[in-house]
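Student: Read top to bottom, the protein sequences are chains A and B. Last residue of the first sequence? That's 347 in the numbering used here, and every number before it is there in order. Last residue of the second sequence? That's 1244 in the numbering used here, and every number before it is there in order.
For the record, the hints were derived by calculation from the structure and aren't laboratory data. A portion of the hints provided could be inaccurate.
[Stated by the list, open to error] Derived DSSO-like pairs: lysine-lysine, alpha-carbon spacing no greater than 30 Å straight-line: (1) A:190 / B:1155; (2) B:1155 / A:39; (3) A:176 / B:1172; (4) B:1155 / A:124; (5) B:1182 / A:190; (6) B:1172 / A:249; (7) B:1182 / A:299; (8) A:263 / A:48; (9) A:249 / A:263; (10) A:190 / A:127; (11) A:213 / B:1182; (12) B:1208 / A:272; (13) A:327 / B:1208; (14) A:64 / A:79; (15) A:176 / A:47; (16) B:1208 / A:117; (17) A:114 / A:127; (18) A:48 / B:1201; (19) A:190 / B:1172; (20) B:1201 / A:213; (21) A:12 / A:299; (22) A:289 / B:1155; (23) A:271 / B:1208; (24) A:249 / B:1208; (25) B:1182 / A:114; (26) A:124 / B:1172; (27) A:64 / B:1208; (28) A:190 / A:12; (29) A:213 / B:1208; (30) A:47 / A:12; (31) B:1155 / A:263; (32) A:39 / B:1201; (33) A:127 / A:64; (34) B:1208 / A:190.
[Stated by the list, open to error] Label-pair distances were calculated between CB atoms; the ranges are: (35) B:1190 / A:274: 43 to 49 Å; (36) B:1156 / A:272: 39 to 45 Å; (37) A:303 / B:1192: 26 to 32 Å; (38) A:193 / B:1192: 32 to 38 Å; (39) B:1173 / A:263: 29 to 35 Å; (40) B:1184 / A:314: 45 to 51 Å.
All C-beta atoms in this analysis are idealised placements derived from N, C-alpha and C, irrespective of residue type, glycine included.
Listed here are the chains, written in short residue letters.
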Amino acid sequence: MPDNDVFKNIQKFFKLMVDNKVSLEPTPYDIVYHFEGMKLRRYRSNKKNSSLGPILFVYALINKPSVLDLEPGKSVIEKYVNAGFDVFMIDWGNPTEVDIYNTIGDYVERYIRKAVKRVKSLSKSNKIHMFGYCMGGTFSTMYATLHPEEIMTLTVMASPIAFPDESNSILHVWPKHPDFPIENIADTYKLVPPSFFNSAFYLLDPVGNGYLKYVNLYNMISNDPAVENFLRMEYWINDGIFMSGETYKEFLSNGYRNNMLVKNEWIINGKKIRLANINMPTAVIVGDKDTLVDPNSTKALLDHISSEKKKIFEYPSGHIGLAVSRKTHDNMWPEVIKWVSENSSNQ
Amino acid sequence: MEENEKEYMENAYKAWSEQTSKLAEENMRLQKLFVEFQMEWLKQFQPEEYKGKTEEIYKEWQDLINKQSDKVKQTYEEQWNEIKSLYERGWNMMKSWIPQAEGSSSIYEEQVKLWNSFFERIKNMNSAVNVSDITNTIEESYKKNMELLTQTYAKMLDETMRSPTFASLLGKQLDLSLNYRKNLEEASTELMHMYGMTTRKDFDALAKRIYEVSHRVDELEELLESREPPEKSKDTSEKKKQSQ
């Protein structure tokens, strides 16, 4: 319950909001490569262990990758840097009018490919670890099927891979319905705005997002670190990016509506995506309370690949909680990093 | 304080006080109505597992609201008496302060303190109904009731969202609004083109060209990378050496 100074705390909350002093992405990095709107970040570290090799983080085209580096002590990036990895991350930037024709093929075979090439040359390594979160996991999976020789390990977190008809997840149900106007959305918007995605995500749990979230804020209003954390999350949620209409259409139509990835029917840049080409050690990370991506959709990846080493990290968490919750940082991430380290072929 | 001023202030306090207790009563009445509405609503939509619990919580809630009503009145009365005395002290202080304002910082500080505590009281007064009386005094019943309501509401919404009817409705609604936007864009494009202005359509066409050119540059880059380093340069350097 809030204490008697609740009004003072609410005032403080608004002051924090207005002053905009809540900072994100504390881990220092350098931009080591630009390609069109994409930037490749390399995180500074004096703890690099060359036997581990480099790791490339591929984030989604929804919101910004800062969620992986939200605050010290609860940062996935920081954890990997401290473990001795040479950490790189793709920052997609904010797509603009010139990006409206970008397809998934462009993101996988142009942007990611160029980033991987640069990571390999900068770290002087022939193989890299790849980590994909959400839609970035789907892209990483596609890349790994096309260039398995370049990937040491593949880690996919909360990513939509399989879209079976029986899935009851709301985001699976809507696009499958024939009345859902995927093409019209893509063709009319050309750049699908972040507000469009945010409205859909809001509807996944209207009571939680529209009411309970604020009740929780009220109850913790005198707890400064918790309030700052709340603000960080709010900044991140409301700091979305646009998605090219072509990518939106392809992702929803080929993925959500027709489940083409696990059927080996998805073609990008004239190449068929065959999940069985994935032969490197592969791990999936899922939260069993994830309402955005059905955990079974991600876990299904392991049923279709030819890797000998497969691992599932399942944790009682939601989609975002996997990256930012204290519990996952204390219990799950050390395990994940240990697994990736053990499977470093540089060792 | 002059006698007529005091009388005026007293009357003002009285009017405010009466008004506030009316508001408090109205607030209670509305809360009761709201709870009754919620109960009716719950009876219609509650999931199986909550059946039977609602009546029990409702009774508890009603009892607590009835007890609360007197408490709210009492709180208001106490608060307003304190405000009245503070305001009176402030009024007197102000009168004594105005003629000797210059260089009288301690009186000024006292005045600031007084007004701060006055506003603090006002804030607490507002919070009496909005915060303390609801969440503190009848905390458990309120919490139970809200939990039940939100759970039922969330479950009902979730089931609605997953239904094919909702998906169809959402799809059709989106389609309609998008078509409206599309028509509006087309009409404005036509109009703007009439006056030689640049429209989004022109940017789209330009973006398409940029996209194609960027792909061709990529192809050329790859072609160059796949080629062996030219022998010619080696020859030239050797020739240069020889000539030297």
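Student: Each hint: holds or not?
Tutor: A quick look at each hint next to the structure:
1. Distance check on the hinted pair: residue 190 (chain A) and residue 1155 (chain B) sit about 35 Å apart at the alpha-carbon level, beyond 30 Å; violated.
2. Distance restraint check for residue 1155 (chain B) and residue 39 (chain A): the Cα-Cα separation of roughly 42 Å exceeds the 30 Å cut-off, and the hinted pair is therefore not satisfied.
3. Using a Cα cut-off of 30 Å, the hinted pair residue 176 (chain A) and residue 1172 (chain B) holds, with the two alpha carbons roughly 14 Å apart.
4. Of the supplied pair hints, the one linking residue 1155 (chain B) and residue 124 (chain A) is violated, its CA atoms being roughly 53 Å apart against a limit of 30 Å.
5. At roughly 11 Å between alpha-carbon atoms, residue 1182 (chain B) and residue 190 (chain A) fall within 30 Å of each other, so this suggested pair holds.
6. Between residue 1172 (chain B) and residue 249 (chain A) the alpha-carbon distance is near 17 Å, which keeps this suggested pair within the 30 Å criterion.
7. In summary, the hint linking residue 1182 (chain B) to residue 299 (chain A) is not supported, as the alpha carbons are separated by about 40 Å, beyond the 30 Å threshold.
8. Restraint check: the Cα-Cα separation between residue 263 (chain A) and residue 48 (chain A) comes to about 40 Å, which exceeds 30 Å; the hinted pair is violated.
9. Among the hinted pairs, residue 249 (chain A) with residue 263 (chain A) is consistent with the structure: their alpha-carbon atoms are about 18 Å apart, no more than 30 Å.
10. Proximity of residue 190 (chain A) to residue 127 (chain A) is assessed by CA-CA distance (about 36 Å); at most 30 Å being required, the pair is judged violated.
11. A hinted pair counts as satisfied when its Cα atoms are at most 30 Å apart, and residue 213 (chain A) with residue 1182 (chain B) does not qualify at roughly 36 Å.
12. Distance check on the hinted pair: residue 1208 (chain B) and residue 272 (chain A) sit about 25 Å apart at the alpha-carbon level, within 30 Å; holds.
13. Taking the CA atoms of residue 327 (chain A) and residue 1208 (chain B), the gap is near 47 Å; set against the 30 Å cutoff, the hint is violated.
14. The straight-line distance between the Cα atoms of residue 64 (chain A) and residue 79 (chain A) is roughly 19 Å, inside the 30 Å bound, and the hint therefore holds.
15. Distance hint between residue 176 (chain A) and residue 47 (chain A) is unfulfilled; the C-alpha atoms sit about 48 Å from each other, more than 30 Å.
16. Note on residue 1208 (chain B) and residue 117 (chain A): the hinted pairing holds, with a Cα-Cα distance of about 26 Å set against a maximum of 30 Å.
17. Pair hint residue 114 (chain A) plus residue 127 (chain A) holds up; C-alpha atoms about 14 Å apart against a cutoff of 30 Å.
18. Restraint check for residue 48 (chain A) and residue 1201 (chain B): not satisfied, since their Cα atoms lie roughly 49 Å apart, outside the 30 Å limit.
19. Straight-line distance between C-alpha atoms of residue 190 (chain A) and residue 1172 (chain B) comes to about 19 Å, which keeps the hinted pair within the 30 Å bound.
20. The suggested pairing of residue 1201 (chain B) with residue 213 (chain A) is violated, with an alpha-carbon distance near 41 Å, which exceeds 30 Å.
21. A threshold of 30 Å between alpha carbons decides the hint, and for residue 12 (chain A) with residue 299 (chain A) the separation of about 43 Å lies outside it, so the pair is violated.
22. Simply put, residue 289 (chain A) and residue 1155 (chain B) have alpha-carbon atoms about 15 Å apart, close enough for the 30 Å limit, and the pair holds.
23. Only pairs whose Cα atoms come within 30 Å are accepted, and residue 271 (chain A) paired with residue 1208 (chain B) is accepted, the gap being roughly 23 Å.
24. About 17 Å separates the Cα atoms of residue 249 (chain A) and residue 1208 (chain B), which keeps this hinted pair within 30 Å; it holds.
25. Our distance criterion of 30 Å between C-alpha atoms is broken by residue 1182 (chain B) and residue 114 (chain A), whose separation comes to about 36 Å.
26. Pair hint residue 124 (chain A) plus residue 1172 (chain B) does not hold up; C-alpha atoms about 53 Å apart against a cutoff of 30 Å.
27. At roughly 26 Å between alpha-carbon atoms, residue 64 (chain A) and residue 1208 (chain B) fall within 30 Å of each other, so this suggested pair holds.
28. Our distance criterion of 30 Å between C-alpha atoms is broken by residue 190 (chain A) and residue 12 (chain A), whose separation comes to about 40 Å.
29. Pair hint residue 213 (chain A) plus residue 1208 (chain B) does not hold up; C-alpha atoms about 43 Å apart against a cutoff of 30 Å.
30. Annotation: proposed proximity of residue 47 (chain A) to residue 12 (chain A) is violated, straight-line Cα distance about 39 Å (limit 30 Å).
31. Distance hint between residue 1155 (chain B) and residue 263 (chain A) is unfulfilled; the C-alpha atoms sit about 34 Å from each other, more than 30 Å.
32. Proposed proximity of residue 39 (chain A) and residue 1201 (chain B) is supported: the alpha carbons are some 28 Å apart, at most 30 Å.
33. At most 30 Å may separate the alpha-carbon atoms for a hinted pair to count; residue 127 (chain A) and residue 64 (chain A) meet this at roughly 26 Å.
34. For the hint linking residue 1208 (chain B) to residue 190 (chain A), the alpha-carbon distance of about 12 Å falls within 30 Å, and the restraint holds.
35. For the pair residue 1190 (chain B) and residue 274 (chain A), the supplied restraint of 43 to 49 Å holds, since their beta-carbon distance comes to about 47 Å.
36. Here the CB-CB span from residue 1156 (chain B) to residue 272 (chain A) is close to 44 Å, well matched to the stated 39 to 45 Å.
37. Checked against the given bound of 26 to 32 Å, the beta carbons of residue 303 (chain A) and residue 1192 (chain B), roughly 53 Å apart, lie outside it.
38. Evaluation of the 32 to 38 Å hint for residue 193 (chain A) and residue 1192 (chain B) yields a failure: the beta carbon distance comes to about 22 Å.
39. Distance hint for residue 1173 (chain B) and residue 263 (chain A): a CB-CB separation of about 31 Å, consistent with the stated range 29 to 35 Å.
40. In this structure, residue 1184 (chain B) and residue 314 (chain A) meet the distance hint of 45 to 51 Å, their C-beta atoms being roughly 48 Å apart.
Comparing the model with each earlier hint shows violations of hints 1, 2, 4, 7, 8, 10, 11, 13, 15, 18, 20, 21, 25, 26, 28, 29, 30, 31, 37 and 38; every other hint is respected.
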